[in-house]
Amino acid sequence: MRSSTPLIEVQNLRTAFAFGSRTVPALHDVSFEASPGRVLGIVGESGSGKSLTARAIMRMLPENASVEAGEARFDGRNLLELDENAMRAIRGAEIAMVFQDPQTALNPVKTVGWQIEEALIVHGAAKAGARSRAIELLSMVGIPEPERRIDEFPHQFSGGMRQRVVIAIAIANSARLIIADEPTTALDVTIQAQVLRLLVDLKQRLGIAVILITHDMGVVAEICDDIVVMYAGRVVERGTVEAVFADPQHPYTRDLLHSMPRIDSERRAELPTIPGATPDLSRLPPGCPFHPRCSLAEDVCRTSVPPLAALPGRPGRLTACHVAQRLGALPPRTAAIEAPVADRQFHDQAPILVVEDLVVEFSRGGLFGRTPPVRAVDHVSLDLRPGETLGLVGESGCGKTSLSRALVGLNPISAGKVEVDGMDVTGFDAAQSAKVREQVQYVFQDPYASLNPRLTIRQILSEALEQRGVARGAREAEAARLLDMVGLDPSYLERYPKAFSGGQRQRIGIARALAVEPRLLICDEPVSALDVSIQAQVINILAELRDRLGLGILFIAHDLSVVRHLSDRVAVMYLGRIVETGPAAEVYARPRHPYTAVLLSSTPRPVPDADAMSRKIVLGGDMPSPRNPPSGCRFRTRCPIGPLYHPDRQICVSDEPALSGAGAQKAACHFPDEAAGLVPSSSP
Amino acid sequence: MTMSQTPVPARRPVLNEGVARYLRALAQPQGLVGCGLLLLLIAAALLAPVVFPGGVDQQSRDSFLPPSPAHPFGTDELGRDIFVRCIYALQVSVSLVIVSVPIAAVAGTLMGLSGAVSRLLGEGFQRLFDIILGFPSLVLGICIVIIIGPGWLSLVVTIVIFSLPQFGRLARGALLSEEGREYVLAARVLGVSKGKIMLRHILPNALDPIFVQVSLSMIAGIFIEAALSIVGLGIQPPTPSLGTLLNVGIRYVYVQPMYTAGPIIMLLLLALAFNLIADALNAQALKTRGE
Numbered sequence: 001m002r003s004s005t006p007l008i009e010v011q012n013l014r015t016a017f018a019f020g021s022r023t024v025p026a027l028h029d030v031s032f033e034a035s036p037g038r039v040l041g042i043v044g045e046s047g048s049g050k051s052l053t054a055r056a057i058m059r060m061l062p063e064n065a066s067v068e069a070g071e072a073r074f075d076g077r078n079l080l081e082l083d084e085n086a087m088r089a090i091r092g093a094e095i096a097m098v099f100q101d102p103q104t105a106l107n108p109v110k111t112v113g114w115q116i117e118e119a120l121i122v123h124g125a126a127k128a129g130a131r132s133r134a135i136e137l138l139s140m141v142g143i144p145e146p147e148r149r150i151d152e153f154p155h156q157f158s159g160g161m162r163q164r165v166v167i168a169i170a171i172a173n174s175a176r177l178i179i180a181d182e183p184t185t186a187l188d189v190t191i192q193a194q195v196l197r198l199l200v201d202l203k204q205r206l207g208i209a210v211i212l213i214t215h216d217m218g219v220v221a222e223i224c225d226d227i228v229v230m231y232a233g234r235v236v237e238r239g240t241v242e243a244v245f246a247d248p249q250h251p252y253t254r255d256l257l258h259s260m261p262r263i264d265s266e267r268r269a270e271l272p273t274i275p276g277a278t279p280d281l282s283r284l285p286p287g288c289p290f291h292p293r294c295s296l297a298e299d300v301c302r303t304s305v306p307p308l309a310a311l312p313g314r315p316g317r318l319t320a321c322h323v324a325q326r327l328g329a330l331p332p333r334t335a336a337i338e339a340p341v342a343d344r345q346f347h348d349q350a351p352i353l354v355v356e357d358l359v360v361e362f363s364r365g366g367l368f369g370r371t372p373p374v375r376a377v378d379h380v381s382l383d384l385r386p387g388e389t390l391g392l393v394g395e396s397g398c399g400k401t402s403l404s405r406a407l408v409g410l411n412p413i414s415a416g417k418v419e420v421d422g423m424d425v426t427g428f429d430a431a432q433s434a435k436v437r438e439q440v441q442y443v444f445q446d447p448y449a450s451l452n453p454r455l456t457i458r459q460i461l462s463e464a465l466e467q468r469g470v471a472r473g474a475r476e477a478e479a480a481r482l483l484d485m486v487g488l489d490p491s492y493l494e495r496y497p498k499a500f501s502g503g504q505r506q507r508i509g510i511a512r513a514l515a516v517e518p519r520l521l522i523c524d525e526p527v528s529a530l531d532v533s534i535q536a537q538v539i540n541i542l543a544e545l546r547d548r549l550g551l552g553i554l555f556i557a558h559d560l561s562v563v564r565h566l567s568d569r570v571a572v573m574y575l576g577r578i579v580e581t582g583p584a585a586e587v588y589a590r591p592r593h594p595y596t597a598v599l600l601s602s603t604p605r606p607v608p609d610a611d612a613m614s615r616k617i618v619l620g621g622d623m624p625s626p627r628n629p630p631s632g633c634r635f636r637t638r639c640p641i642g643p644l645y646h647p648d649r650q651i652c653v654s655d656e657p658a659l660s661g662a663g664a665q666k667a668a669c670h671f672p673d674e675a676a677g678l679v680p681s682s683s684p
Numbered sequence: 001m002t003m004s005q006t007p008v009p010a011r012r013p014v015l016n017e018g019v020a021r022y023l024r025a026l027a028q029p030q031g032l033v034g035c036g037l038l039l040l041l042i043a044a045a046l047l048a049p050v051v052f053p054g055g056v057d058q059q060s061r062d063s064f065l066p067p068s069p070a071h072p073f074g075t076d077e078l079g080r081d082i083f084v085r086c087i088y089a090l091q092v093s094v095s096l097v098i099v100s101v102p103i104a105a106v107a108g109t110l111m112g113l114s115g116a117v118s119r120l121l122g123e124g125f126q127r128l129f130d131i132i133l134g135f136p137s138l139v140l141g142i143c144i145v146i147i148i149g150p151g152w153l154s155l156v157v158t159i160v161i162f163s164l165p166q167f168g169r170l171a172r173g174a175l176l177s178e179e180g181r182e183y184v185l186a187a188r189v190l191g192v193s194k195g196k197i198m199l200r201h202i203l204p205n206a207l208d209p210i211f212v213q214v215s216l217s218m219i220a221g222i223f224i225e226a227a228l229s230i231v232g233l234g235i236q237p238p239t240p241s242l243g244t245l246l247n248v249g250i251r252y253v254y255v256q257p258m259y260t261a262g263p264i265i266m267l268l269l270l271a272l273a274f275n276l277i278a279d280a281l282n283a284q285a286l287k288t289r290g291e
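As they're listed, the protein sequences go chains W and G.
Reminder that position 62 of the first sequence reads as 62 in UniProt numbering, one-by-one numbering, no gaps.
Reminder that position 19 of the second sequence reads as 19 in UniProt numbering, one-by-one numbering, no gaps.
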């Protein structure tokens with residue numbers, strides 16, 4: 001089913017950065033091709049050179065980067081040799097780009113209509129017809145009421161809608177190639193599903209070629225036809241998505257696929273990890289760049305760089321691995337697959353944390369009165385026992401961070417009750433705060449912002465140890481022990497945070513939290529800012545520490561796969577409320593709230609499936625503002641089984657459903673039995 | 001325990017790291033030129049009494065001589081050497097700002113950070129800064145001179161009051177952005193006291209812009225002195241200051257252009273020195289921020 005001739009062929013592309021007099025090669029011999037009507041996925045972690053490749057093709061390299069060699073043939077012309085005028089005519093007209101952040105890709109002081117019309121007019125469209133064409137484009141990308149919305153400004157659109165506008169601009173001039181650089185990374189999963197479906201739809205309807213740059217193997221599996229895996233500025237594997245996912249022939253691809261927590265498989269005690277960290281482009285190891293992290297590395301891998309070459313007997317498959325090329329295929333994985341772990345029960349212990357009907361409200365105020373409060377968390381109850389992990393899931397703005405920060409006194413509590421280790425701490429007075437400080441600690445999301453750049457690791461850990469009352473002389477040994485506990489070398493103590501990678505910083509953050517020997521750890525999206533190959537390391541450390549120290553963990557995340565791997569129980573939040581809670585295995589297997597079902601269905605799975613997109617339930621619209629929540633059931637404005645599709649179900653509009661259910665699994669839905677049917681039965 | 005295998009490196013000196021950063025900044029070409037120029041001007045001002053003994057008030061019959069090797073800027077209406085008087089004038093100008101700007105920097109920073117202790121106090125100081133900024137500096141100076149009487153002290157008070165808002169607002173801005181940083185939240189969750197959070201986490205990260213502002217406020221202070229002295233409310237003759245020199249010089253601008261140009265050249269050199277230092281500090285601050 002390979003289609004005719006490729007639209008763009010990139011051959012041996014090489015770029016380099018100039019830092020003063022030093023040049024650092026960034027891309028090495030990158031080659032790939034994209035054909036009309038197909039989606040090519042370029043996958044890689046941060047620093048792998050995937051975005052740089054796209055910018056090299058668009059001739060939009062950063063100022064200190066330059067193309068050293070290679071060609072990019074688009075329609076017979078080498079883009080890398082065109083002059084700037086010819087290139088300008090191609091950009092936007094024949095090749096269009098969709099950027100990661102829809103917030104900054106649109107000009108905030110111009111209407112979206114103006115911006116689409118501009119794209120049309122600069123490429124020679126008549127002014128007269130531009131407006132009607134812009135309306136047509138908006139409706140094509142699925143923006144409701146385009147006649148009205150064309151005169152609105154970007155801030156009046158939500159993130160997903162803005163990304164649609166960016167895509168409308170990209171297809172305005174019937175571009176034949178769209179390069180989308182992480183187009184859904186900044187979006188929530190339900191919105192991501194909308195945008196991905198739009199891209200697939202455009203590919204099929206308009207027959208355009210799409211190059212999708214992403215770090216997410218799940219997204220690749222769902223919408224791409226071909227895949228290029230990049231590592232440290234090189235292409236390490238190429239092929240069709242089905243072939244590469246079924247039988248990866250480069251150790252990096254294979255390890256990466258194995259280290260991803262899976263939403264649809266059974267829970268295992270430990271994730272297989274890739275040791276080490278992604279290499280710095282300026283300090284690449286000699287030979288194969290992956291060899292320091294590779295379990296199959298041989299002597300030859302340390303000295304010579306493997307070329308990207310076809311494997312005998314596997315047409316269309318290319319891999320840059322000495323071992324696979326010598327043996328004809330990668331040897332099978334030796335690591336034993338661990339037995340599934342059942343969800344554990346913790347009823348016999350006294351809970352370390354009990355939250356009852358917690359309400360968190362925010363209001364802004366100055367000299368001239370206060371705004372009416374926004375209820376970020378609305379009557380939430382939960383409990384957690386030592387050694388247990390509760391996963392708190394929801395999209396951005398659902399109140400999960402507001403809730404968790406209220407538990408440690410960072411956010412005000414408006415009503416309800418928080419109990420830590422049997423003591424009511426709702427008031428957060430001196431004694432109650434002290435109790436919380438010694439029992440509960442917090443791991444933050446952004447490893448780059450959670451460590452003070454001006455302090456050494458020793459100072460950071462000493463500050464925490466001082467709070468525990470460790471004597472000055474004993475702090476050094478204790479800090480070293482903490483680093484050792486999270487798998488870092490104690491010789492790192494004198495370094496500043498900037499010397500560490502994201503994964504290492506997150507471990508330092510965990511070590512700091514553990515310094516006061518808490519019994520409950522609140523982890524707020526601890527791995528969402530990390531590269532996929534690093535996530536597994538951090539997840540394993542959390543799981544290991546939990547089991548060794550008997551920690552209770554409140555694990556907050558938007559990624560259902562990660563939550564599935566770590567959690568015994570889950571709670572799903574929507575618009576400030578918990579809509580479903582229960583044992584993880586039950587909730588994932590048979591959700592009883594449609595929102596849980598939609599989240600499960602929207603989460604991309606790293607299993608190639610041509611029909612995945614069409615079988616998904618894709619939610620329309622966006623989460624309503626918590627300032628003004630809908631009456632009755634809060635999910636009813638987007639619910640696939642609610643009054644939108646069943647006008648007779650007025651109970652959803654009038655009555656707010658309570659959390660209810662016979663067993664441990666409880667859902668707040670009037671029609672809980674219909675939710676499980678929404679999840680597409682996953683393919684093998 | 002596995003930790004005994006790896007030797008733990010010795011503790012790094014803490015204070016030196018911060019100081020070393022600013023020294024590195026000043027070692028840049030811009031910083032070196034700025035510092036060199038400033039040191040030269042200060043040295044000239046301090047050494048003037050030694051090099052030109054009695055020269056500052058030495059009158060002669062040769063009024064309004066054109067510039068010559070003996071009198072680089074010519075002579076004034078009383079036959080005094082304008083160049084010597086300009087050098088002497090630096091004493092007043094530089095001593096004024098070196099005393100008043102650091103006072104303003106410390107007070108303004110504390111006022112800006114006070115919001116961390118009490119919301120009301122912080123808000124109150126910000127409104128005070130608004131009021132100060134609403135006053136033209138000249139009007140403010142006149143008010144103060146009326147209260148204290150003309151002279152060095154009232155100039156110091158004027159410069160301090162006029163410089164406060166810049167420091168207060170910078171510190172306030174840094175406080176607000178630092179307060180939301182995750183490492184500050186982490187310290188709060190650990191139960192670290194407000195004072196320690198301020199000293200360890202907020203202040204060091206707020207200092208960069210404040211150091212840059214110190215240099216800029218020095219320039220502004222020198223100009224305030226000049227402005228007040230021109231209208232006769234600052235330093236009183238016969239003591240030379242850049243402002244008093246300009247005050248008289250303007251009257252003779254057609255007869256002796258150097259009478260006006262001389263002090264202006266000194267003003268510009270000082271401004272250039274402080275500006276170069278500010279630029280160098282700023283470049284270093286941005287560099288660390290980017291890491």
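It is possible that part of the hints are untrue.
According to the in silico footprint, chain G covers these stretches of chain W (three or more CB under 8 Å from chain G) [what the hints assert, rightly or not]:
{"hint": "1", "region": "352-360"}
{"hint": "2", "region": "425-437"}
In silico DSS-like links for lysine-lysine, alpha-carbon gap of 27 Å or less [unchecked claim]:
{"hint": "3", "chain 1": "W", "residue 1": "498", "chain 2": "G", "residue 2": "196"}
{"hint": "4", "chain 1": "W", "residue 1": "498", "chain 2": "G", "residue 2": "194"}
{"hint": "5", "chain 1": "W", "residue 1": "110", "chain 2": "G", "residue 2": "196"}
{"hint": "6", "chain 1": "G", "residue 1": "196", "chain 2": "W", "residue 2": "435"}
{"hint": "7", "chain 1": "W", "residue 1": "435", "chain 2": "W", "residue 2": "417"}
{"hint": "8", "chain 1": "G", "residue 1": "194", "chain 2": "W", "residue 2": "417"}
Just a few of them, taken from the derived set where beta-carbon distance is under 7 Å, the chain W residues facing chain G [unchecked claim]:
{"hint": "9", "residue": "408"}
{"hint": "10", "residue": "410"}
{"hint": "11", "residue": "671"}
Just so you know, these hints were derived from the structure itself, not from any lab.
Given the structure is predicted, the values throughout are model-derived calculations rather than measurements.
Yeah, the Cβ is synthetic: ideal placement off N, Cα and C, and Gly gets one too.
Q. Does the alpha-carbon distance linking residue 194(G) and residue 417(W) stay inside the 27 Å limit?
A. With a Cα-Cα distance of about 26 Å, the restraint between residue 194(G) and residue 417(W) holds, given a limit of 27 Å.
Q.
Checking hints one by one. Is residue 410(W) an interface residue toward chain G, by the C-beta closer than 7 Å rule?
A. With Cβ-Cβ at 6 Å, under 7 Å, it holds.
**Q.** Proposed proximity, residue 417(W) with residue 435(W) (alpha carbon, max 27 Å)
**A.** Holds - the C-alpha atoms of residue 417(W) and residue 435(W) are around 15 Å apart, at most 27 Å.
Q: With a cut-off of 27 Å on the C-alpha distance, tell me whether residue 498(W) and residue 194(G) pass.
A: holds, 26 Å
Q. Counting residues of the region 425-437 of chain W that have a beta-carbon nearer than 8 Å to any beta-carbon of chain G, does the count reach 3?
A. holds (count 3)
(Q) Does the closest beta carbon of chain G sit nearer than 7 Å to the beta carbon of residue 408(W)? (A) It holds, given that the least Cβ distance between residue 408(W) and chain G is near 5 Å, below 7 Å.
Q) Keeping to a limit of 27 Å between CA atoms, is the pair of residue 110(W) and residue 196(G) held or broken? A) violated, 46 Å
Q) Are the Cα atoms of residue 498(W) and residue 196(G) separated by 27 Å or less? A) holds, 23 Å
Q | Status of the residue 671(W) interface restraint (C-beta, 7 Å, chain G) | A | violated, 40 Å
Q. Do the alpha carbons of residue 196(G) and residue 435(W) lie within 27 Å of each other, as the hint requires?
A. Distance ~20 Å between residue 196(G) and residue 435(W) Cα, so the pair holds.
Q.
Under 8 Å between beta-carbons, do enough residues of the region 352-360 of chain W, three at least, approach chain G for the coverage claim to hold?
A. violated (count 0)
When each numbered hint is compared with the structure, violations occur for hints 1, 5, 11.
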